[in-house]
Amino acid sequence: MADNDFPGWHGTTIIGVKKGGEIVIAGDGQVSLGQTVIKGTARKVRRLSPGGFEIVAGFAGSTADAFTLLERLEAKLEATPGQLARASVELAKDWRTDKYLQKLEAMLIVTDGKDLFVITGAGDVLEPEHNVAAIGSGGNFALAAARAMMDSNKSAEDVARESMAIAADICVYTNGKLTVEKIGG
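Taking full-length UniProt numbering, I'd label the letters of the sequence shown as residues 1 to 185.
Source of the hints: derived by calculation from the structure; they are not laboratory data.
A hint or two may mislead.
[Unchecked claim] Computed list of lysine-lysine pairs in DSBU-like fashion (alpha-carbon distance at most 35 Å, straight line):
1. K103 <-> K39
2. K39 <-> K99
3. K103 <-> K93
4. K154 <-> K177
5. K114 <-> K154
6. K93 <-> K114
7. K114 <-> K182
8. K103 <-> K114
9. K93 <-> K177
10. K177 <-> K103
11. K114 <-> K39
12. K154 <-> K39
13. K114 <-> K99
Take the sequences, apply the hints, and build the full model.
Listed below in structure tokens is the structure:
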């Protein structure tokens with residue numbers, strides 16, 4: 001089987017919602033290979049505690065690549081305690097310029113309870129305009145659903161859970177088995 005014939009791993013859906021003084025990151029648990037669900041309960045949202053500061057991170061893409069990036073982010077945070085923006089920019093710079101890291105296929109959503117960022121391999125550190133960030137195969141569905149709910153009186157967690165449920169109903173690479181982490185508030 002040639003490389004281009006190999007059915008690709010399909011990722012996940014991760015959403016970050018900042019509302020009412022708290023930030024919630026939620027992710028589904030599905031991992032698919034081609035048309036087959038390999039696992040339905042993967043945990044793609046995690047708490048990190050570099051230097052005693054709490055960080056919540058969610059990832060979409062290759063698990064091994066994401067763990068490599070999370071380890072690098074932790075190292076950057078230990079070097080710049082409490083400065084998520086600076087650590088994120090340093091990670092993005094390394095990711096963009098390092099020949100080894102350039103091959104990593106993942107994206108991250110990170111928060112310290114104050115700031116919310118999407119970090120990409122293109123060197124981007126993006127702060128969402130409407131306090132909602134989403135990545136992965138069902139990310140655009142979750143993003144649209146969450147944006148529609150942001151003016152409601154729903155909590156950040158309710159917005160995240162309901163938008164993930166909508167994404168799971170639309171995207172075949174997203175399921176309803178969620179990991180939800182809340183910080184701030």
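Right, here's what the structure says about each hint:
no.	hint	result
1	K103 <-> K39	holds (24 Å)
2	K39 <-> K99	holds (31 Å)
3	K103 <-> K93	holds (14 Å)
4	K154 <-> K177	holds (21 Å)
5	K114 <-> K154	holds (19 Å)
6	K93 <-> K114	holds (22 Å)
7	K114 <-> K182	holds (12 Å)
8	K103 <-> K114	holds (30 Å)
9	K93 <-> K177	holds (33 Å)
10	K177 <-> K103	holds (29 Å)
11	K114 <-> K39	holds (32 Å)
12	K154 <-> K39	holds (31 Å)
13	K114 <-> K99	holds (32 Å)
Comparing the model with each earlier hint shows no violations; every hint is respected.
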